[in-house]
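Student: All chains should be modelled from the sequences, with the hints used to inform the complete structure.
As you go down the protein sequences, you meet chains A and B in turn. Going left to right, the first sequence walks through residues 0 to 222 as numbering that gives the first Met the number 0 numbers them. Going left to right, the second sequence walks through residues 0 to 489 as numbering that gives the first Met the number 0 numbers them.
In case anyone wonders, no lab produced these hints; they're calculated from the structure. Values in this document were obtained by computation on a predicted structure and should not be read as measured data. It cannot be assumed that every hint is accurate.
Claimed, not checked - In silico lysine-lysine, BS3-like type, Cα no more than 25 Å apart, as pairs:
1) A:Lys9 to B:Lys397
2) B:Lys70 to B:Lys381
3) B:Lys412 to A:Lys46
What the hints assert, rightly or not - Derived Cβ-Cβ restraints for the label pairs, each shown as a range:
4) A:Arg11 to B:Ser460: 50 to 60 Å
5) B:Arg195 to A:Val203: 12 to 22 Å
6) B:Leu103 to A:His98: 50 to 60 Å
7) A:Asp22 to B:Ser38: 35 to 45 Å
8) B:Val45 to A:Asp221: 44 to 54 Å
9) A:Leu204 to B:Ala465: 34 to 44 Å
10) B:Arg195 to A:Arg11: 42 to 52 Å
11) A:Asp22 to B:Gln113: 42 to 52 Å
12) B:Arg84 to A:Pro110: 34 to 44 Å
13) B:Pro285 to A:Glu26: 31 to 41 Å
14) A:His98 to B:Arg33: 36 to 46 Å
15) B:Gln113 to A:Asp221: 44 to 54 Å
To be verified - Chain A stretches covered by chain B per the calculated footprint, using a threshold of three residues with CB under 8 Å from any CB of chain B:
16) 81-94
17) 110-122
18) 127-140
19) 163-177
20) 200-212
Glycine included, every Cβ here is placed at the ideal spot set by N, Cα and C.
One letter stands for each residue in the lines below.
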Amino acid sequence: MSARQNILAKLRHSLTGATPIADNFNEQLVTEPWSYAPEQRVAQLRKLMEAVHTEIHLCNEADWPTVLGQLVLDRQLPSLLIAPATPHGRRVSAHWDVHPELPPLKAYDRPVEDWKTELFDDTPASFTTTLGAIAATGSLIMWPTREEPRLMSLVPPVHFALLRASQIYDNFYEVQQKQKWAEGMPTNALLVSGPSKTADIEQVLAYGAHGPKDLVVLILEDA
Amino acid sequence: MNTQARIPVIEVEEDFRERAHDALGDAQLRGNFRRAMDSLMTKRAVAFSDPEEREDLRTLGNAIRARALSKLPDLLEQLERNLIRNGVHVHWAETVDEANAIVLSIVETHEAKQVIKGKSMVSEEMEMNDFLGARGVECLEADMGEYIVQLDHEKPSHIIMPAIHKNAGQVGTLFHDKLGVEYTTDVDQLIQIGRRVLRKKFFEADIGVSGVNFAVAETGTLLLVENEGNGRMCTTVPPVHIAVTGIEKVVENLRDVVPLLSLLTRSALGIPITTYVNMISGPRKPHELDGPQEVHLVLLDNGRSQAFADSELRQTLNCIRCGACMNHCPVYTRIGGHAYGEVYPGPIGKIITPHMVGLAKVPDHPSASSLCGACGEVCPVKIPIPTLLRRLREENVKAPDAPNQVMRGQGSKYSRKERFIWNAWAQLNRSPALYRVFGFFATRLRSLVPAKVGPWTQNHSAPKPAARSLHEMAREHLAKQSAEKSGEQR
Numbered sequence: 000m001s002a003r004q005n006i007l008a009k010l011r012h013s014l015t016g017a018t019p020i021a022d023n024f025n026e027q028l029v030t031e032p033w034s035y036a037p038e039q040r041v042a043q044l045r046k047l048m049e050a051v052h053t054e055i056h057l058c059n060e061a062d063w064p065t066v067l068g069q070l071v072l073d074r075q076l077p078s079l080l081i082a083p084a085t086p087h088g089r090r091v092s093a094h095w096d097v098h099p100e101l102p103p104l105k106a107y108d109r110p111v112e113d114w115k116t117e118l119f120d121d122t123p124a125s126f127t128t129t130l131g132a133i134a135a136t137g138s139l140i141m142w143p144t145r146e147e148p149r150l151m152s153l154v155p156p157v158h159f160a161l162l163r164a165s166q167i168y169d170n171f172y173e174v175q176q177k178q179k180w181a182e183g184m185p186t187n188a189l190l191v192s193g194p195s196k197t198a199d200i201e202q203v204l205a206y207g208a209h210g211p212k213d214l215v216v217l218i219l220e221d222a
Numbered sequence: 000m001n002t003q004a005r006i007p008v009i010e011v012e013e014d015f016r017e018r019a020h021d022a023l024g025d026a027q028l029r030g031n032f033r034r035a036m037d038s039l040m041t042k043r044a045v046a047f048s049d050p051e052e053r054e055d056l057r058t059l060g061n062a063i064r065a066r067a068l069s070k071l072p073d074l075l076e077q078l079e080r081n082l083i084r085n086g087v088h089v090h091w092a093e094t095v096d097e098a099n100a101i102v103l104s105i106v107e108t109h110e111a112k113q114v115i116k117g118k119s120m121v122s123e124e125m126e127m128n129d130f131l132g133a134r135g136v137e138c139l140e141a142d143m144g145e146y147i148v149q150l151d152h153e154k155p156s157h158i159i160m161p162a163i164h165k166n167a168g169q170v171g172t173l174f175h176d177k178l179g180v181e182y183t184t185d186v187d188q189l190i191q192i193g194r195r196v197l198r199k200k201f202f203e204a205d206i207g208v209s210g211v212n213f214a215v216a217e218t219g220t221l222l223l224v225e226n227e228g229n230g231r232m233c234t235t236v237p238p239v240h241i242a243v244t245g246i247e248k249v250v251e252n253l254r255d256v257v258p259l260l261s262l263l264t265r266s267a268l269g270i271p272i273t274t275y276v277n278m279i280s281g282p283r284k285p286h287e288l289d290g291p292q293e294v295h296l297v298l299l300d301n302g303r304s305q306a307f308a309d310s311e312l313r314q315t316l317n318c319i320r321c322g323a324c325m326n327h328c329p330v331y332t333r334i335g336g337h338a339y340g341e342v343y344p345g346p347i348g349k350i351i352t353p354h355m356v357g358l359a360k361v362p363d364h365p366s367a368s369s370l371c372g373a374c375g376e377v378c379p380v381k382i383p384i385p386t387l388l389r390r391l392r393e394e395n396v397k398a399p400d401a402p403n404q405v406m407r408g409q410g411s412k413y414s415r416k417e418r419f420i421w422n423a424w425a426q427l428n429r430s431p432a433l434y435r436v437f438g439f440f441a442t443r444l445r446s447l448v449p450a451k452v453g454p455w456t457q458n459h460s461a462p463k464p465a466a467r468s469l470h471e472m473a474r475e476h477l478a479k480q481s482a483e484k485s486g487e488q489r
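Tutor: Here it is in structure tokens:
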């Protein structure tokens, strides 16, 4: 008998005669205390994200590439990693094309194996989009794709993220339902609620443990 | 500096009582734990500011875990099916040896030399670092706290905050001695040193290992929570990812994780959510540009099916490893995690460890509790820890020939003398005549009580019976009263 068969047989034997417990999931409990008026969502998200050192900038459909460019300049970042095949990546490229004073863009357009050293040692900042956010917990939702891979939001020390205000949901339950998560999950789905941090030494909070030291969110007010 | 030398280390071959005694005498250790636990308790209380919401959520958390366990074998098979469909390799192990052998075979297939590991208590059960280390494979901890304790050849003293027993000065000394950096007590600087060292390791590692917080059967998803980003690094950068988890970690639906996640992070750290919630449903797809090419899941039993077999003890497996029970435990706070001598310390450790290593190996665990009830009161999934501790005490004094074999190592504290005394005591209390005779002699001969009566007199003075028993005095009193009454009537 294999370990699998042994384990399952033992568990089944222990359940002999028992009936499975009915599913009485209490939807209200995970939604009602975590619901916000539409005009409150940005403020709620902002409050929670800023409490954990996230930098937030409000912008609009027309000016967000300018805001991004200015932030990159202000921080004196030597380059910015983008996802060139995405609509927002193209907007950034277009803006950069007419602003030669901005530092060079890098494109994540090949397998990580081909440029791992450069990604780790020479990629100070990145820019990605999000699938929305969760007001209740102050979390960005990310489903990395082929065009915008997983390591973009992890390895560079500064991460800029674009969030549409219209895609801020109340709570995680609502996100799962409205975006139909259970019907098909991607290779990797993420909730990101601030820059990387740790309190492992004397419970003193320190930012920039292993992931980004800075998380900068551009909230595009489209709602 | 010899500040580290005072910390009791798990390898020390002494029993729980000695380790606890040593820890109690260590002012530094006690201070470190007291401060940390006070702060964690306060944070939790603030995070659950609405008691009604908290209690409703705990009830739901308990129901979700109980439902998952009530169909555990089916859910494990569903999880396996969905993971395989997603391209994940699923392995099953009854013992830690089997689990280590599985990991080793994956390591050997890839000729891996360096393994980087995110926080995983199951890998601690397996002692994976030592196992791989002995076979020439470096297995390095990437969680800051775990990295610190590994560097000092220690074990975690708390399941959420592994290095909580150390202060910044001790970490500064450790980094100075082991990494050759300048001594500092600045926490930011210390973390940046760890970041630099470990970034290189993430980059180089051939295999990344992680634990699992919730395995979702419905979608075949492994959910990991963390704040540092080391978990994401371990599961994304190396070409191979191995997740190790206990068979009880499965939940039925993706929506089930919503309340459990909230209970977990609020109970553990008093925060609404961790920085990262990392949901992994498969390896890199052919067209994707990063992520591991191979993902493995090792499902470990290691005594869990034994706990599962008894419907009361099964509740032990509700645990979502938040650590709130230890943060609120008056015993844990005073003796720290190392005194327990096992992977899981504190109240949850006392009820789960006996299933993993046998009661005989940890005979004092169930009794190392004042049964104050704090652990059960704060448990986010309502494990009745005090009830289970009492149950384990019973199992531990069962006669060796008792008909019900509930757990390995049961009856390890059985003593014929003690059993005889209790039987005699029961007999004494059942027979009024016998009890009166006993009471008469116990009070008349009270000066014969020896000054030392076993362990009791280690910390207390010996009990001395009163000159007359309450029974006797009451009888005398009643007799006097009725005599007076009859006198009045006359």
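Student: Each hint: holds or not?
Tutor: Here is how each hint holds up against the structure:
1. Distance hint between Lys9 (chain A) and Lys397 (chain B) is fulfilled; the C-alpha atoms sit about 24 Å from each other, no more than 25 Å.
2. Between Lys70 (chain B) and Lys381 (chain B), the direct Cα distance comes to roughly 19 Å. Compliance with the 25 Å bound is thereby established for this hinted pair.
3. The suggested pairing of Lys412 (chain B) with Lys46 (chain A) is violated, with an alpha-carbon distance near 55 Å, which exceeds 25 Å.
4. At roughly 56 Å, the beta-carbon separation of Arg11 (chain A) and Ser460 (chain B) lies within the given 50 to 60 Å, and the hint holds.
5. Roughly 19 Å separates the CB atoms of Arg195 (chain B) and Val203 (chain A), a value that falls within the hinted 12 to 22 Å.
6. Taking the beta carbon of each, Leu103 (chain B) and His98 (chain A) are about 54 Å apart, inside 50 to 60 Å as hinted.
7. In this structure the supplied range 35 to 45 Å holds for Asp22 (chain A) paired with Ser38 (chain B), their Cβ-Cβ distance being about 37 Å.
8. Distance hint check for Val45 (chain B) and Asp221 (chain A): the Cβ-Cβ separation is about 34 Å, which falls outside the suggested range of 44 to 54 Å.
9. Leu204 (chain A) and Ala465 (chain B) have their C-beta atoms about 57 Å apart, which leaves the hinted 34 to 44 Å range violated.
10. Between Arg195 (chain B) and Arg11 (chain A) the beta carbons are some 50 Å apart, a value that agrees with the proposed interval 42 to 52 Å.
11. The given range of 42 to 52 Å is respected by Asp22 (chain A) and Gln113 (chain B), whose C-beta atoms sit roughly 44 Å from each other.
12. At about 24 Å, the CB distance of Arg84 (chain B) to Pro110 (chain A) disagrees with the hint of 34 to 44 Å.
13. Between Pro285 (chain B) and Glu26 (chain A) the C-beta distance comes to about 38 Å, which sits within the given range of 31 to 41 Å.
14. For the pair His98 (chain A) and Arg33 (chain B), the beta carbons lie near 56 Å from each other, so the given range of 36 to 46 Å is not met.
15. Distance hint check for Gln113 (chain B) and Asp221 (chain A): the Cβ-Cβ separation is about 46 Å, which falls inside the suggested range of 44 to 54 Å.
16. Beta-carbon proximity to chain B at under 8 Å applies to 0 residues in the region 81-94 of chain A; the threshold of 3 is not reached and the given coverage is violated.
17. With 5 residues having a beta carbon nearer than 8 Å to a beta carbon of chain B, the region 110-122 of chain A meets the requirement of three or more and the stated coverage holds.
18. Note: the region 127-140 of chain A has 4 residues with beta-carbon separation from chain B under 8 Å; the three-residue rule is met and the coverage holds.
19. Counting residues of the region 163-177 of chain A whose CB lies closer than 8 Å to any CB of chain B gives 5, so the stated coverage by that chain holds, three being the minimum.
20. Only residues whose C-beta sits within less than 8 Å of a C-beta in chain B count toward coverage, and the region 200-212 of chain A has 10 of them, enough to reach three; the restraint holds.
Comparing the model with each earlier hint shows violations of hints 3, 8, 9, 12, 14, 16; every other hint is respected.
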